[in-house]
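Asks: The chain contents come next:
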Amino acid sequence: MSDQRVSQYPSLLRSEQMSLVQLYVPIDQAHSVVEELAELQRVQFKDLNPDVNPFQRTYVSQIRRCDEAERRLRFLTQQITAQAIPIRPFEDTVALLAGRSGPQALEELDTRLAESEQRVAAMNGSYESLEKRALELEEARQVLRETDVFFSEATSRTQEIRSSFDEPSAPLLGDVEAGAGAGESGFGGGFELEFVAGTIDRARMATFERVLWRVLRGNLYMNYAEIDDSALPVPTSVAGDSAGGEEKKLRKNAFIIFAHGQDLLDKIRKIAESMGATLFPIDSNADKREEKLREVTSRIEDLNSVLYNTNQTRRAELAKIGESISAWWAVVLKEKVVYTTLNLWQWDQGRKTLVAEGWVPTRDIPTVQAALRRASENAGTSVSAILHELRTHKDPPTFHRTNKFTDAFQSIIDAYGVASYQEVNPGLFTVITFPFLFAVMFGDIGHGIVMMLSALTLILIENKFKKGTGNEIFDTFFYGRYIIFLMGLFAIFTGFMYNDIFSLSLHLAKSQFRWPTDFEKGTVVEAIQTAARYPFGIDPAWHGTDNALIFTNSLKMKMSVVIGVIHMSFAICLQVLNHLHFKKPELIWAEFLPQILFMESIFGYLIGCIVYKWSVDWEAVGRNPPNLLNMLIKLFLSPGNVDPDDQLYPGQAGVQVFLLLLALVCVPWMLCTKPYLLYREHQKIVEQGYHGIGSTSNQNGGGLLSGDEGESDGEGHGVVAEEMDEEHEFDMGEHVIHQVIHTIEFCLGCISNTASYLRLWALSLAHAQLSEVLWSMTLDKAFAMEGIAGIIFTFLMFSMWFTLTVAILIVMEGLSAFLHALRLHWVEFNGKFYGGAGTAFTPLTFDGCDEIPEGVL
Amino acid sequence: MSGYLIIYVFVVLAAVAAAGFMAVRKGENQVVIRTSIILVISACYLMWAITYLAQLHPLIKPRRSDLKPSHVGPESDYLY
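Which chain is which? The protein sequence lines are A and B, in order.
Following the numbering used here, the numbering of the first sequence begins with 1 at its first residue and continues without gaps.
Following the numbering used here, the numbering of the second sequence begins with 1 at its first residue and continues without gaps.
Just chain B, same shape as in the assembly:
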């Protein structure tokens, strides 16, 4: 996976937001629901994109001193 995932997700979510915007029926709460949909999607996307982007090219790598050789192996990859 690469940095383009951020753009793909953006496109998908923009489509979802647009669809949500259209789908809200007219009524007293139309404005509240539309605003909420767009804000929820943009806030959550923003946070996800930041965390994803920050780990795309990590400048530091996890380091630990409490590792035992028995812990490490193909199957215990799951643990750490």
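Excised from the complex, chain A in its bound form:
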């Protein structure tokens, strides 16, 4: 395979010729070799250690270090985004990386990251504990305030309480009153009754109260008040939990419980603590409480300033990290790619080198060699890595060299299936046929111009959006900008053909019809044919006539059949290129010839008849033109019988019988020849005595190779030896069944696929009708009005018409026509010749390493 000559320039007709190459890389330049090759994006490495599990590979520790660094970066990035600090984009930070890559850079970065992580984590810890302390103090302050209210209320209600002595809650306070009333006036000094004060979560308040009531058998007096939500600061650790939800608030109640006796108080304390309440020592003396309140307030202020400072320091630290974190991400992600690649390579103990195998486009081997030399220079060694080609029978990956124009078209084909190696690539023809078939369904000059101009805008400003905007819908349209541009251009052309511009028509030349001058108003008038012929598209005289639809219907239906049959015949012809390229010329008569004959003898004949019927002047002949649909049906149902009235041309019956027989002969021809050819080929191999080579001589072959090359090479060539194990068992039955399916599929497919092209007719008709309805429902009505109202109405109707034109006729109809064009290419066109059973070439690349991975931000 590798001895085939490579053409001078790459083409999109076939995928690139690939070579399997082996690299011997001295261990000290392995890293820079991988870096250079990843920049080049032209090598796809094979895994040479498929039996070794991921944890036993050579560079596991380095990958683990990358993972650790990634974890730290993720932590720091999350901290930075949580603080809403901007991250400098990679383009600005790339300078920081200048000349710094490789293991040393990673090591350096690792220590730096560890340091930063530790510092940020420590600051986070101290900030959290400070916040907690601040919350406690704030709660204490609130409790002090609220209890103050309780005490003062109690004082003012002394009289009341005394009077309601026999109520269940009264006795406790009554006692207080009795004790207090003896000496002092009011609570102030000699308040003897003991109490517990604190805060508790508001949701637990009711339970708390009930539990206390049961345990103390009602021997308590409890008072509580809700603390204002906004008074309590919410710690960041709590606020962070409510991801996406409403702003989290602490809802707490301050309570005070009066009880008698140390036992009861202890019980209350225990219950309160078990329910998550916070208790605060409160003095019953009003002055002392006041003093305490002042103290707490001042401490809160101190704490707040400390909190502020801590946060500022943390922000400064994070901002500094944010300056360069995208560059650090790039270093870590790239290193990870490098070591993952190195893990695919094999370590040659004897020569202290790494052995790599991979696919390279044959054309790019010199470039790869240049990259290897560059790598050895970078690594500062004189010996460069060695590359040599291997001979192989493995299927190489498929690589189409696309540019920004052809890329989107190729991806239409790749979405159906990646081409088999070196087979004819339909992507090349899709560049034109796809927009063309789209436009047949979308023919309108106006809509085409809008579409073409919007795509042109995207093309002109494409440099701004190279990186993508993140808006998926916009990015999709942007990716397909060249497709849309061509679709617009072709829609303009087909619009001229259909003579449709926003459902109106153009009058480019003299019409071939003339209207009679003498007729009564209100009667149906038929135009008179003149000698002229309208040269470009449909005659504008048809516009708005009663039978315009009948004419365009017939034209568009026949047009779609003609285009469809030509499109499919072209696809069948492309088989020949494949058969010649894969050196199987016998398949031309075994496969291509019966297929094309079958197609043309039925549908080729049909389009011949269509064209012939158009070219005959039936009026001059003086006969009624025959119905082609009936002719096609009779061709199958009663071959050989043609009614003289429906005869298209003399001798029609004989021609039709011949064509039908030809088509019938093609079926067994397709069915038998290919399996027979395969059988004959197999017999030839058997006769030459190669039978059973795959099963028996495999070990010998492998042993021979390693014996010749010396022990150390055994592993390196193991892969080559393994490839000899690819002899297939010949199974005639399987080939026959496959061919039967293939034949039935083709013959039935010819009929259903031709019918499938009628979608061109249906969609173009629907498009024309829809745009006509839209015109007559909006602008046409507005033009009928006069005066100021007419102007306003026209303005309103125009905006409505334009919006609906863009939204429905261009975007929605465009999408549906796009999908139908897609189907015609995938099923009707590709199905005739395209295998699409290849694997895509996925070269080693640093793509995506420049960005902070999604999900982290």
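Do not take every clue at face value.
[Stated by the list, open to error] Okay, the calculated beta carbon distance ranges per label pair:
{"no.": "1", "chain 1": "A", "residue 1": "ASP645", "chain 2": "B", "residue 2": "GLY3", "range": "24 to 30 Å"}
{"no.": "2", "chain 1": "B", "residue 1": "MET22", "chain 2": "A", "residue 2": "GLY654", "range": "27 to 33 Å"}
{"no.": "3", "chain 1": "B", "residue 1": "GLN30", "chain 2": "A", "residue 2": "ARG351", "range": "43 to 49 Å"}
Simulated from the structure, these hints should not be mistaken for lab results.
Think of the CB as a built atom: it goes at the ideal place given N, C-alpha and C, for glycine as much as any other residue.
Starting from the known structure of chain A, arrange chain B on it as the hints suggest.
Replies: Coordinates of chain B only, in the frame set by chain A:
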């Protein structure tokens, strides 16, 4: 004009396609450009030829019932 126009145009366009095929310079995109030129010309020619041919000997003629006598005349031929 007659049906021979289809053949004349075919000859002219075939010449144009051949000229375009020759004129493309060697390079990475030679195959794409050549294929595109030929496909564009053949697709557009096909569509034009079909519409022209279909109107060469029309089997039906436009008919309308909303025509007013004042609309018709030598100068208003342009309108309809």
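Asks: Hints first: check each against the structure and report whether it holds.
Replies: To see whether the hints hold, each was checked on the structure:
Distance hint check for ASP645 of chain A and GLY3 of chain B: the Cβ-Cβ separation is about 25 Å, which falls inside the suggested range of 24 to 30 Å. In this structure, MET22 of chain B and GLY654 of chain A break the distance hint of 27 to 33 Å, their C-beta atoms being roughly 44 Å apart. Taken as a hint, the range 43 to 49 Å holds for the pair GLN30 of chain B and ARG351 of chain A, whose Cβ atoms sit roughly 45 Å apart.
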